[in-house]
Amino acid sequence: MGHFSDIDALDLDGVGPMTQPYPLVNIMREDIELPCLDTDEVLAAAPASDERRFRVPPIIGLDD
Amino acid sequence: MASEIAAAVAAKRITARAVIDEYLSRIDARESEIHAFNLVMAQDARAQADAIDADIAAGRPVGPLAGVPIAIKDNMCTHGVDTTCSSKILEGWKPPYDATVITRLRTAGAVIIGKTNMDEFAMGSSTENSAFGSTRNPCDISRVPGGSSGGSAAAVAAGFSPVSLGSDTGGSIRQPAALCGVVGVKPTYGLVSRYGLVAYASSLDQIGPFATTVADAALLTEVIGGHDPMDSTSIPLASPSLLPSVSQGVSGMRIGRVTDLPAGAEPAVAERLDRAFAALETAGATIVDITLPSLSYALTAYYLIAPAEASSNLARFDGVRFGLRVNAADTNSMYGATRAAGFGDEVKRRIMLGTYALSAGYYDAYYGKALKVRRLIAQDFERAYEQVDAILTPTSPVVAFKFGDKVDDPMSMYLCDIYTIPTNLAGHPAMSVPFGTGAHGLPVGIQVLAPALGEQAMFRVGGALEVAAGGAQ
Amino acid sequence: MSDSPLSSIVATEDQLLEGGWELIVGLEVHVELATRTKLFSGSPNRFGDEPNVNIDPVTLGLPGALPVLNRQAVELAMRIGVALNCRIQPCIFHRKNYFYPDMPKAYQISQYDIPLNIDGFLELPSGTTIGVERAHLEEDTGKSTHVGGATGRIHGSDYSLIDFNRAGVPLVEIVSRPDIRTSEHAREYVSELRAILEVIGASDAKMEEGSMRVDANVSVHKPGTPFGTRCEIKNVNSIRALGRAIDYEARRQIDVLDTGGVIRQETRHWDDAEGRTHTLRVKEDADDYRYFPEPDLVPVAPDDAWVQAVRDNLPMLPAARRSALSALTGYDTRSEAIIVVVERAQHEYVQAVADAGGDAVRALIYVQQAFADAGPTPAVPAKDLAALTILERDGKLSATQAKTVLSELVENGGGDAAAIAAAKGFEAMDNSAVEAMVDEAIAADPDAWAKYCAGEEKAAGAIVGRVMKASKGKADGKVVSAIMQSRRGS
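Residue numbers (our numbering), protein chains in the order written: chain A, -12 to 51; chain B, 46 to 518; chain C, 21 to 510.
Bear in mind the hints are in silico, worked out from the structure with no lab data behind them. Computed from a predicted model, the values in this text were never measured in an experiment. One or more hints might be untrue.
No farther apart than 25 Å at their CA atoms in a straight line, the calculated lysine-lysine pairs in the BS3-like style are these [as the list claims (entries may be wrong)]:
id	chain 1	residue 1	chain 2	residue 2
1	C	K163	C	K254
2	B	K133	B	K393
3	B	K417	C	K254
4	C	K116	B	K393
5	C	K478	C	K444
For reference, chain A alone in the conformation it holds in the complex:
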């Protein structure tokens, strides 16, 4: 992380962060149904599935 020390020297007060290069606002879509994926095709690509669901080993050590 030492390579990043050069930006420490910059005076960045009053400079706003730039999350997006092109300023767009209010991009939304209408509440209309679009075609869904084929469940069989999707489950066929799954590493493990059972009863039409994705199957994973016991979930321990993670947040609920």
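Given chain A's structure and the hints, the job is docking chains B and C onto it.
Below, chains B and C alone, put in the same frame as chain A:
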């Protein structure tokens, strides 16, 4: 040339099938030497070509690229066809949907000839980070083609396809274009849909074309560009008309020369840049000296922003729904084992770096700061474009280097992108045009930069450079 | 719950728990919005379908997928903001990064420090105001079922199965300030919130179905001292369970503190069958979700016209409905009659009865007493009910008689009240006749009368009973009581 092929096919002077067979035979002849492709779609391509021919024979309307072969970088989703990002974690994965650019290409009648090799998840500048072996530079097979879109650049340079698509996050189209001696374009951020592009850094990624001529690159950009409702960052504008700009010339244009450009370009590369300025002046442009003081911080900002976004984008590769899974006793262990086995070293390095840059207590010092540096850079460009219409720099500071030269020195590899990174941060368009040769007779690319949605200015300059270099008419 | 300035609400004397402890409760409520499609993609927002059918690349978090915001979700979120008196502001989305199998992208798109709605409040029917800190948009996760263990929970399971139908469903998370001081208020808050959400069409808000999920943050302290360490209670699946869980947790914490122990900051699971909470997960530090602004989405800044339209088109909220009924009848907004009638959405019906010339107070009482299952649009025509209220008001029917006619109106879905009364031979007695009967009853039961005169109110029953029997129910009970009181001299 793509446009010639399209015209010939449409005029029935040649069949799409004959075209694809020709390119497939070239691939047959030299692909084992070059390894541009992860997958050559011979059977599929022939079927696509036959379908085009049937449409033409029946008098049905076909698109502007009907019969034109195109190679696709392997990080763009192709429905039912392997899309691996040159990573073990996606080996054998067939997406259930097409990227928007793929849909647009198919509608235009292009024939997808294969998926090309790349640095794993687009992280790299030499294509040496591929999990499936490197690609060789067709100009000199002991040297790298550049990266991360090395396969797509090499495919065009080797004549395996007249055009190809790549993606560019910090220079991954332009730099390999320069090293392989072909044209490469990164459009304005938001001009080309990212839907279906496997994300590396969401606020930096763009898809763009490789071609042998500036005109073909303009044509491809027109076909794939324009608003896409499936991408919220897609600019709500129709695809711009770009082809006419290519032959418009640069008379009356102001071209910027960056006097405080970070040093590091090889002497031959610097010389080529001087020649390029001279050529444009001769062609009627005025050269204006400008400064971009924040540019020296661009590399730092990029190597905080890109890995940060990447660490989040690549978290979905967890072995649950698709791709590689390494079994374990519990889910948490499964995540660890899957990602350890599935990701290469450079990917792991950037994920770690990115996670750190976003972590509590460090966000403001790293990621937060980098976002502010990004705005400084954008402001520098804004000021410069009040004085000039386009800017010229070298694309790459060096010509194609030998395999293994930079693999052990990540910093030196990252420096390959020093001239290309700023435009990704600013979201501006830029292209690389072949302009003579440098050391060892290897190609040198000159980079043309333009302001956001300034593609027309960019293609005017690119077209003029091409003429000056003795390229297409 | 945030770390914003502590609540300024102070419990009253009778709200304090035994031992002088003050209960501090904040509620986080997640609400599924009633949109047709998901928050960021076009697959259906539908409950109960076959597993993994309402899926698309965005829902599954496939490589290359990108989110696009559902306008209707923003509309509904704004309705919630207006209904909860929030400030609506330009906002952005953030990524909340963590691994979990039902989180397809390994991050949740949510809102962090710049959410859509902030600084609102909810007025409880009983009168207390509870602050609402924020109400923001976020996407729901898929659903996991755990197979193999004894209880269907994670611990001891052999494997888990994930269904992504629910992944991407739009949620609004409503976070209250820690202003709640009793478990009754907590139940009231959720009940009122539910009513509001239903009225504005934002959600059907059914806890039992999971379209409204409530987590409670509970702590206790002695007034005047800093707030205590709080615990988060999860798995509360009904309003009744919420009350029980808070009561249990408060007592648990008090017991710990009373015996010199320390409360650990943790998440606890409410077990309704056993009636207790137990530790799910200890929170040592705040989890690091590495929040950063979502680069795939752009800011949302609803313009003034949109906000105004939401305000203008918002239906009358339960609080306003209670006020309207109160103004109409003179009853307090906190009275049970009004609360119950508004809860049943029968306020408009009462208004209709009054509009048809009926007596508003009697209409309110009749509806409260006899229309429990009638729904918002009872079958009895408003004018029919109005006629009955007037008969009683004008003394043509006693209260008891009116009640009988009322049940018949309800049973038959309407009718002519006067005709029914006549058919039954109902008519009110005039007061002098009632007086005479009262005097007869007093004479017949001097013991009861003596007790009544001595102040035993219960003894009145015997006298009243005689009068009712003698009058065959025609005497008006209120008139009888009044006569008795005046005879007694009180």
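Hint check:
1. This hinted pair checks out: K163 of chain C and K254 of chain C have alpha carbons roughly 16 Å apart, not beyond 25 Å.
2. Annotation: proposed proximity of K133 of chain B to K393 of chain B holds, straight-line Cα distance about 13 Å (limit 25 Å).
3. A distance of roughly 40 Å separates the Cα atoms of K417 of chain B and K254 of chain C; the hinted pair therefore is violated under the 25 Å criterion.
4. A C-alpha spacing of about 21 Å is found between K116 of chain C and K393 of chain B, which places the hinted pair at or below 25 Å, so the restraint holds.
5. With a CA separation close to 31 Å, the supplied pair K478 of chain C and K444 of chain C exceeds the 25 Å bound.
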